[in-house]
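Heads up: the sequence lines are chains A and B, in that order. Numbering-wise (our numbering), the first sequence opens with residue 5 and increments by one. Numbering-wise (our numbering), the second sequence opens with residue 5 and increments by one.
FYI, nobody ran anything at the bench for these hints, they're computed from the structure. Because the structure is a prediction, the values reported are computed rather than measured. It is possible that some hints are incorrect.
If chains are identical, the list can't say which one is meant, so a pair holds when it fits in one copy or spans any two.
Calculated cross-link-like contacts (lysine to any residue; reagent style SDA-like; alpha-carbon spacing at most 20 Å) [claimed, not checked]:
{"#": "1", "residue 1": "284", "residue 2": "259"}
{"#": "2", "residue 1": "139", "residue 2": "33"}
{"#": "3", "residue 1": "190", "residue 2": "261"}
{"#": "4", "residue 1": "139", "residue 2": "34"}
{"#": "5", "residue 1": "284", "residue 2": "261"}
{"#": "6", "residue 1": "139", "residue 2": "338"}
2 protein chains.
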Amino acid sequence: MKVFICGFGTVGQGFCEVIARRRQFIRDRYGEDVVIVGAMDSRSYAYDPNGFDPERLVERKISDKRVGDREYTDSVQVLEGIDYDILVEVSPTDVKTGGVGLKNIICALENKKDVITVNKGPLALRFSELTDLAKRNGCLLRFEGSVGGAMPIINLCRENLVGENICSLRGIFNGTCNFILSKMDKGQPFEQALKEAQQMGYAETDPTNDIEGYDSACKIAILANTVFGRDVTFNDVRITGITSITEDAVALAASRNMVIRLIGEVSETKLEVGPRLVPKGHPLSISGTLNTAQILSDLAGPITVTGRGAGRLETASAILSDLVSIMDERVKPQ
Amino acid sequence: MKVFICGFGTVGQGFCEVIARRRQFIRDRYGEDVVIVGAMDSRSYAYDPNGFDPERLVERKISDKRVGDREYTDSVQVLEGIDYDILVEVSPTDVKTGGVGLKNIICALENKKDVITVNKGPLALRFSELTDLAKRNGCLLRFEGSVGGAMPIINLCRENLVGENICSLRGIFNGTCNFILSKMDKGQPFEQALKEAQQMGYAETDPTNDIEGYDSACKIAILANTVFGRDVTFNDVRITGITSITEDAVALAASRNMVIRLIGEVSETKLEVGPRLVPKGHPLSISGTLNTAQILSDLAGPITVTGRGAGRLETASAILSDLVSIMDERVKPQ
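In isolation and in its complexed conformation, chain A is listed as follows (with noise of 0.2 Å):
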């Protein structure tokens, strides 16, 4: 299987040392290889039909500060004229339009390419059009990671709890925001627990998408479509961000032994992100930047599962999931 992916930052490179590490797994599952035969920045981009060395476009995106030595100014024009079976869409998301990571996966999807993305805002905003059109041309579109990171939710309520009836679904889908809390809940005022995620990472210089909820919303948009079967986008979602909550808010909370999260729900009818009380003790109550979601259905009850929202090897490790999940319909294990 040939792969060529889009978008070389932390989640491409991280993919790149992932299929280095599975190089034998992928060999004695398949008896083939996953061969990268190139990859794409904002910039630049490499190609080479017999594939390179993962680890080797990764040292030069580093020291080169670009992945190849070709330059582009239309990703889709470089799409239609390489050969490839599975589209890695990873660069960074616009949920305002889908950006070029629409365009891109659109582009492999109407070439009849398999299509795996983590890339939050094409999913949050055409869900039904590119579900259809993967549909219509008989190809896999797969985006776990676009979801919880490493947190398996998508594939797991696709898969696992396929024959479930799920009433509804709500979790914590921002690291980010669930740090400042946590801070927040040692007494940290909102300004300062916000400058501390800032500086461990967590927050990018304009936190917007973050902390006014929009990640979040994305998220559930993506799980009320996948899971809900529901066809809504990004703007149908009432959001509420984190920025107004006080510190009084989080001390009268804890007086009741209550933390504040932000919590984003989905069912048939409800599609909301929100901060809300959560008692201590509940599964929804977790500290630092871990992701969580808890899913009810009719015969197995409530399902929670936790996990690393984000991460380079974390993000990497749900495309390796999407890829063998691709790989298992294709090749087939021997």
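Fit chain B to the supplied structure of chain A, relying on the hints for placement.
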């Protein structure tokens, strides 16, 4: 697909209810029905190659105290004489010899039938023999419900996390013990907590299997074999139960902000069940009858799953997930 059910207590009846409730789902997914061609309890059996209304079987068991109008002495003889595709083996477990469940599973696999079981004894005693036999005969052997009931752990590790190198797995695998320990957290002595567990129907009249840690040890042995590819039995597990935990020990733990929990732990080298000190707020500090498992793997980091470890519909939901997994392979979704 023709299913025969061995064991018609809570779980067998719950499975019938689930099949009735999911008739349309199965028809939509596979274009055919799951036909319950019969069921067997400890003395009687029912068999009709054209199938039964699953809810009628349950009604008959409740009103007549027996599922069928035919008596038998040797379950294997019954199984040899009937036609079915999948055996659902949910007869009472025997952790000393594997009991009748072991004979039934071997008989089905020898006749090239697929098997779904939640019967821990056979799996904890003769795992490699059973999986080898299944492999040799091209049969599928599934047992999600044998560990943690509705908590998805086995199929999660085998399917979604198959690309991970799982380093260790630890958790709470016995809801009865966890209920007792949670009550002791609140100041109850062991004997009183056990009595309450019995009154609530969580503990059996002879609670040995639970409180001595044997039930947890079976599950740890099954996980060692299936997740770590080890070849161990129940007898290889280092087991300490909860009977010697005193009120003083619980109080001392509480004074250090800890609780005592019965933790099962397995890795390449570890295989043990025993009381452990767990910090309050840690994922393994949960209270009540829930089960929880923490999977530590090299790429994804820690993943925690929590769910109901027992119950009529909960355990049947795990059987349904195995049934879907088998039918996906045998019939293929439409």
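Structure-based check of each hint:
In this homomeric assembly, residue 284 and residue 259 come within 20 Å of each other (Cα to Cα) both inside a single copy, at 11 Å, and across copies, at 18 Å. In this assembly of identical chains, the alpha carbons of residue 139 and residue 33 lie at most 20 Å apart only when taken from different copies (16 Å versus 26 Å within one copy). With identical chains, the CA atoms of residue 190 and residue 261 are at most 20 Å apart both within one copy (13 Å) and between copies (17 Å). Taking the closest pair of Cα atoms, residue 139 and residue 34 come within 20 Å of each other only across two copies (18 Å); inside a single copy the shortest separation is 25 Å, beyond that limit.
In this assembly of identical chains, the alpha carbons of residue 284 and residue 261 lie at most 20 Å apart whether taken from the same copy (6 Å) or from different copies (14 Å). For a Cα distance limit of 20 Å, the shortest separation of residue 139 from residue 338 across copies, 13 Å, qualifies, whereas the shortest one inside one copy, 26 Å, does not.
The structure agrees with every numbered hint stated previously.
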